[in-house]
Amino acid sequence: MQLALVKGRATSTVKHASLDGKKLLIVLQLDAAGKPGGDPLLVIDAMGAGVGEVVLISSDGKGVRERIKDNTTPVRWFTIGLVDGGETLVKSH
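Each step along the sequence shown adds one to the number in the working numbering, with nothing skipped, and position 16 is 16.
Warning: the hint list may mix true and false statements.
Calculated lysine-lysine pairs in the BS3-like style (CA-CA distance at most 27 Å, straight line) [what the hints assert, rightly or not]:
#1 Lys69 with Lys35
#2 Lys7 with Lys62
#3 Lys91 with Lys62
#4 Lys91 with Lys15
#5 Lys62 with Lys23
#6 Lys35 with Lys7
#7 Lys7 with Lys91
#8 Lys15 with Lys62
#9 Lys69 with Lys15
#10 Lys23 with Lys69
#11 Lys15 with Lys35
#12 Lys23 with Lys35
#13 Lys7 with Lys23
Hints were generated in silico from the structure; no laboratory data involved.
All values derive from a computational prediction rather than experimental measurement.
Please model the complete structure; the sequences and the hints are all you need to start from.
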């Protein structure tokens, strides 16, 4: 599990069937000091997160397959929670 900052949404007209109807977010992981960085990650979101919010994400393969209900899904990351007041954790670049 990781904390991540939501930077935006992604849309796709062509995608794996397991992603139909799923909300896709672009996030940056937060380091121990609360600084966002690294490569952007594409995550599926069922929590209703928005831009600027801090989310808890997981790359648990079994968990994502159970949530998507598809054993062939290419999804790796998904949201598992919203962090109340998470914006105060984020340190600017």
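Hints and how they fare:
no.: 1; hint: Lys69 with Lys35; in the structure: 34 Å, violated
no.: 2; hint: Lys7 with Lys62; in the structure: 26 Å, holds
no.: 3; hint: Lys91 with Lys62; in the structure: 32 Å, violated
no.: 4; hint: Lys91 with Lys15; in the structure: 34 Å, violated
no.: 5; hint: Lys62 with Lys23; in the structure: 19 Å, holds
no.: 6; hint: Lys35 with Lys7; in the structure: 13 Å, holds
no.: 7; hint: Lys7 with Lys91; in the structure: 14 Å, holds
no.: 8; hint: Lys15 with Lys62; in the structure: 21 Å, holds
no.: 9; hint: Lys69 with Lys15; in the structure: 16 Å, holds
no.: 10; hint: Lys23 with Lys69; in the structure: 15 Å, holds
no.: 11; hint: Lys15 with Lys35; in the structure: 31 Å, violated
no.: 12; hint: Lys23 with Lys35; in the structure: 25 Å, holds
no.: 13; hint: Lys7 with Lys23; in the structure: 14 Å, holds
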